[in-house]
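Novice: Spelled out from the first residue to the last, the chains are:
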Amino acid sequence: MAALVLADHDGVQLYPATRNAITAARQMSDTVHVLVCGDACASVADETSSIDGVAKVLLAQAASLKELLAENVAPLLVELASDYAYIVAPATSNGKNVLPRAAALLDVSQISEISAVISADTFERPIYAGNANAIVRSGDAKKVITVRATKFVPARSGASNAPVHEIAWNGDAGVSAFIGNRVSAGDRPDLTTAAVVISGGRGMGSKEAFGLLDSLAQGMNAAVGASRAAVDAGFAPSDTQVGQTGKVVAPGLYVAVGISGAIQHLAGMKDSKMIVAINKDAEAPIFQVADIGLVGDLFEAVPELTAALAHAR
Amino acid sequence: MKVLVAVKRVVDFNVNIRVKSDHTGVDIANVKMSINPFDEVAVEAAVRLKEAGSATEVVAVSIGPDKASETLRGALAVGADRAIHVQTDVQTEPLAVAKLLRAVIERETPSLVLLGKQAIDDDCNQTGQMLAGLLGWSQGTSASALVMSDGKLRITREVDAGTQELELVLPAIATVDLRLNEPRHASLPNIMKAKKKPLDVITPDALGVDVAPRMTILEVRPPLQRQAGKKVATVGELAAHMKLATEAH
Numbered sequence: 001m002a003a004l005v006l007a008d009h010d011g012v013q014l015y016p017a018t019r020n021a022i023t024a025a026r027q028m029s030d031t032v033h034v035l036v037c038g039d040a041c042a043s044v045a046d047e048t049s050s051i052d053g054v055a056k057v058l059l060a061q062a063a064s065l066k067e068l069l070a071e072n073v074a075p076l077l078v079e080l081a082s083d084y085a086y087i088v089a090p091a092t093s094n095g096k097n098v099l100p101r102a103a104a105l106l107d108v109s110q111i112s113e114i115s116a117v118i119s120a121d122t123f124e125r126p127i128y129a130g131n132a133n134a135i136v137r138s139g140d141a142k143k144v145i146t147v148r149a150t151k152f153v154p155a156r157s158g159a160s161n162a163p164v165h166e167i168a169w170n171g172d173a174g175v176s177a178f179i180g181n182r183v184s185a186g187d188r189p190d191l192t193t194a195a196v197v198i199s200g201g202r203g204m205g206s207k208e209a210f211g212l213l214d215s216l217a218q219g220m221n222a223a224v225g226a227s228r229a230a231v232d233a234g235f236a237p238s239d240t241q242v243g244q245t246g247k248v249v250a251p252g253l254y255v256a257v258g259i260s261g262a263i264q265h266l267a268g269m270k271d272s273k274m275i276v277a278i279n280k281d282a283e284a285p286i287f288q289v290a291d292i293g294l295v296g297d298l299f300e301a302v303p304e305l306t307a308a309l310a311h312a313r
Numbered sequence: 001m002k003v004l005v006a007v008k009r010v011v012d013f014n015v016n017i018r019v020k021s022d023h024t025g026v027d028i029a030n031v032k033m034s035i036n037p038f039d040e041v042a043v044e045a046a047v048r049l050k051e052a053g054s055a056t057e058v059v060a061v062s063i064g065p066d067k068a069s070e071t072l073r074g075a076l077a078v079g080a081d082r083a084i085h086v087q088t089d090v091q092t093e094p095l096a097v098a099k100l101l102r103a104v105i106e107r108e109t110p111s112l113v114l115l116g117k118q119a120i121d122d123d124c125n126q127t128g129q130m131l132a133g134l135l136g137w138s139q140g141t142s143a144s145a146l147v148m149s150d151g152k153l154r155i156t157r158e159v160d161a162g163t164q165e166l167e168l169v170l171p172a173i174a175t176v177d178l179r180l181n182e183p184r185h186a187s188l189p190n191i192m193k194a195k196k197k198p199l200d201v202i203t204p205d206a207l208g209v210d211v212a213p214r215m216t217i218l219e220v221r222p223p224l225q226r227q228a229g230k231k232v233a234t235v236g237e238l239a240a241h242m243k244l245a246t247e248a249h
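These protein sequence lines are chains F and L, in that order. Note that this note's numbering has the first sequence beginning at 1, numbered continuously upward. Note that this note's numbering has the second sequence beginning at 1, numbered continuously upward.
SDA-like mimics (lysine to any residue), calculated; alpha carbons at most 25 Å apart, straight line:
{"#": "1", "chain 1": "L", "residue 1": "K243", "chain 2": "F", "residue 2": "E300"}
{"#": "2", "chain 1": "F", "residue 1": "K66", "chain 2": "L", "residue 2": "A145"}
{"#": "3", "chain 1": "L", "residue 1": "K231", "chain 2": "F", "residue 2": "D297"}
{"#": "4", "chain 1": "L", "residue 1": "K231", "chain 2": "F", "residue 2": "A284"}
{"#": "5", "chain 1": "F", "residue 1": "K280", "chain 2": "L", "residue 2": "T234"}
What the hints contain is simulated information worked out from the structure, not anything from laboratory work. Predicted, not measured: the structure shown is a model, and the values here were computed from it.
Start from the sequences and build out the full structure, keeping to the hints where you can.
Specialist: Written out as structure tokens, the structure reads:
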């Protein structure tokens, strides 16, 4: 039976993690449909229809579906669920918000943030901040699953042109209202999909010092992340937090600056291809996972590194 | 308004856990256990609502083995009024926990239920959303601010791109993020007083809830270990390695 992927988007563009979820869904079922819902999101449905492996796009547009409020999206998923064996979403803030509500309405357990599809009913998922991987078999007839994006390659747009089916839907639970979004301003690449991530920790000492990382990131087209300590201290916005309860990243290059390397931070970045650490404490746990480490003062090393990399180009 | 807060006893966040050598699970015998850090924030939020006059009573609930009562005593010591322990040795999945909480909520009829956004052991991030779905209540997840106004709950959520503000009709379910508050420590006199506060113990059977797991854990494996890296002495060497790494793409 088919798999239905709930698309995550901002009304204009598909969020990239949806593509990783589509790849995971294709490992569960030969037939993958994608549900695009919102108040005005036809452009997202068009974008989705060109993705390889998507057989059909379902488009539901209604005022009540604006901002994917869980109270209004979950009943729509339940309504559609009878045709699907798998209900899948990327483990983004929207996916994590909506999917468990739908699972409960379907009376099934949800399998959160899978890192691999082992078979039709068996999946791998990290537990204990990624310090163990559990292989779990679901006994539920319907599988409700969120997908950890960094563990699956993104499905690409190709020559395909899947049909877009409009669904009439006007359900509104009427128990919650969207007031507004405050989006962090930034012209750097998206943290979760960037090829290079440069993160700062408590060792940065101030919000101003993060400017050093911005300069380095600028030259490398990198995203800037942060540890929880740096966010709590007000050095960086909370949506830049990398870790167990922040964002999970796996770039080609991760540069940890002034980050000690707590378990909770490592959970969000230890799948990076290369990890570089700059820290003045030679005993910092971050050096146990770093491929390349430099013990030194970041306030000297980072500007020097920025200059060296600029010179190399 | 009555506030219910759900807490879970988990392996302390500072413990480096080990996978058992037979790969049947994680070895949690003799390791330090604590309240789930997110639940600690939820308890603090409930107590602050009471201190602000918004809440009249704070009831803490935990589901788990005998020792979960210690976690509840901790919640009582920082200001919860009474506690309910749903005692079971079954490894309950979030769906079962949500059903047990629904049964408790039907008895207690709170206006607001607070939970942590996720437990640091199973890392599921499901229970609050499932509970809201089962009850048909509004939900606000990953809250970094909660304000009661005109009988509604204004909630600020931590989302991928920044923050989002919602208005929820009560009764509501809110799950909290670490950024919501700084939990207080219990004072010794309050720890002593907490021993005299009411703590009811009930069973899943008494609540009429089937807690049988839907999933089977076939195996628990340690993650792949990274190869030991090397330290370089100069920024020049570091730059050369980084240049190679970025050119590899």
